[in-house]
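Number of protein chains: 2
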Amino acid sequence: MLTQAQRDRISIVLVSPRNPLNIGAVARAMANFGFVDLAVVSAYEPHWREARSAVGAPELLAKARETSTLAEAVRDCTLVLGTGTLTHRKPEQPVVCLDEIAQLVTRELDQPSSRISIIFGPEKHGLTREDLSWCHHLVEIPTDAGQPSMNLGQAAAVCLYEIAIRSGDATENPYTPSPAAASRATSGNLDVLTGLIQQVMLASNYSPGNMRAANEHDLRLMLRRLNLNPADQRRALGLFRRILRQLEDRRNS
Amino acid sequence: MLTQAQRDRISIVLVSPRNPLNIGAVARAMANFGFVDLAVVSAYEPHWREARSAVGAPELLAKARETSTLAEAVRDCTLVLGTGTLTHRKPEQPVVCLDEIAQLVTRELDQPSSRISIIFGPEKHGLTREDLSWCHHLVEIPTDAGQPSMNLGQAAAVCLYEIAIRSGDATENPYTPSPAAASRATSGNLDVLTGLIQQVMLASNYSPGNMRAANEHDLRLMLRRLNLNPADQRRALGLFRRILRQLEDRRNS
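From first to last, the protein sequence lines are chains A and B.
Taking our numbering, the leading residue of the first sequence gets 1, the next gets one more, and so forth.
Taking our numbering, the leading residue of the second sequence gets 1001, the next gets one more, and so forth.
If you're looking for bench data, these hints aren't it; they were derived computationally from the structure.
For clarity, every value in this text was computed on a predicted model and none was experimentally measured.
Each statement offered as a hint is correct.
A few chain A residues facing chain B, derived, Cβ under 10 Å:
#1 28
#2 33
#3 99
#4 141
#5 155
Idealized CB from N, CA, C, for every residue including glycine.
Looking at chain A on its own, in the form it has when it is part of the complex:
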C-alpha cells in the first residue's frame, strides 16, 4: 500500500481527452485512490472547461496542470509509464503487465528524488507511437481479446487501484541495485540530451535532414532504454556539447 507521500510523487497525465465525463471520471478515481497531481496535454478547450466546472468536480481538477506537449507534462519525471492494450500495437519499449507493476513502481519510489507519470491516451485510439516514445515502459491492462479496449475512466480506476494498493511495500526482490544504477535522469533532462545529440547528428552530416524526425524518435526510445542516471546524463551532455562546438568551429574555420 502506498503512503500518501508516495502517492503525491505520482502524476496522472491525460493526452487529448475528449469527453468531459471521462475527464471527471479520471479525477474521481484519483480522489478515490488518493492521487492529487493531474496534467492534461493539449486539452480540447470547451470540453476541458466543462469538465472543470462540473458540479461536484474534485478540487484536483481545478488544480490540474495544462500543457501543450507530453514532453512538458512529464518533464520532471524519472519514470514514465504509458498505458494501453497490445492490440494493433508493436511496442518499441518493454511491456509490463499491470498486475506485475508493483515492483517497478516501488523500486522507483525508493529513490529519494524520483517522480512517476502514468499516461492515458485519448478515448478513440489510445497513445500514439510518438506519445509512447516518451515512455520507459508500456503498461498492458490484461483485458479480454473479445473487447480489449477499456473506457478511459475505468482504465484509470483499475490502474490507480493496482498501483495504490500493491506498490510501496518492501520489494520482494532481494537484489538492491546500487544508488547510481537505480536513480534516473528526468524526462526533461533526457529531452535536452536528445536535442543536443540531434544537433550533433546534423552538424556531423550523420544522416540526411529528412531523417530528422525518425532519428529523434529512435533517440528518445534509446535514451529511455539505456536507463541513464543523472550523472550519466551530465557526462553525455558535456561530451556532446564539446563535440558540437568542435564541429561548428571546423565548419566556421
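Start from chain A and add chain B according to the hints.
The following block gives chain B in isolation, referenced to the frame of chain A:
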C-alpha cells in the same frame, strides 16, 4: 488468472441502477474482463431500456436477466458477495478487502457446482442493510477516506479486474477443506429454509408478529454465516417441516 469456464460461473448483479451510462459502463467492464452473466434487480424501466439499446452496447446487456428481487437474482449462487465501502456502515457479515478476495473466490470455484454473485448497489447509497443480508461477505474496496465512494462503472471495473486476474490459480493455503465443509447451499435453498423457520417461529409463538421482519433479517444473516452445505440444509428442512406439522396438528386438535 480465471479460465473462461470459471468466469462463466460468476454473475454480476446490479441492484436498482439509475444511470444508463453506468449500466453500460458495467457491461463494458464485464466484456473487458470476460464476464458474461448480468442480472439487474428492480430496474428503472426507462433507463434500463435506454442502456440496453445504446449504440455499441455489448451483447451481454441484451441477454441480461431482469428480476424484481435480489433473492431471485442470486437464487442459484453458493457464494454471494456484496461490494461497497465501510463508511457509514457497520456490516453484519464478515468483511474481506478486495485485494484479498482471490483465495475466497478460488476456493469456491474449486467446488464443482458452485456459482458466485458479485452485487453492486445503486449509485446514490450503495447496498442497503437489507440487500446485504443476502450476502455471505461484504467486499470492501480500499478507497481513500477523503473520497470513499466510487462511481458504479469504475467500482465494477476494479472488482472484475481483481477477480479475473488474481483468482483461479491454485490457492496458496495448504489446508484443503473436506468436500462437505466446502460445498455450500445455494442462496435459493437458504431462502426456502429461512421461510420455513419463519413459519415455525410464528407457529410456536417464538416472538410477537411485529418482530417478523427483524427476525427474518437476522435469520438470513445467520444461515449464511453458518455456511450450511446442501446436506445440512436438507436435514434442517426435514427437521423444521416435521416441527411445523406437529405445531399445526397440535393447534388444530
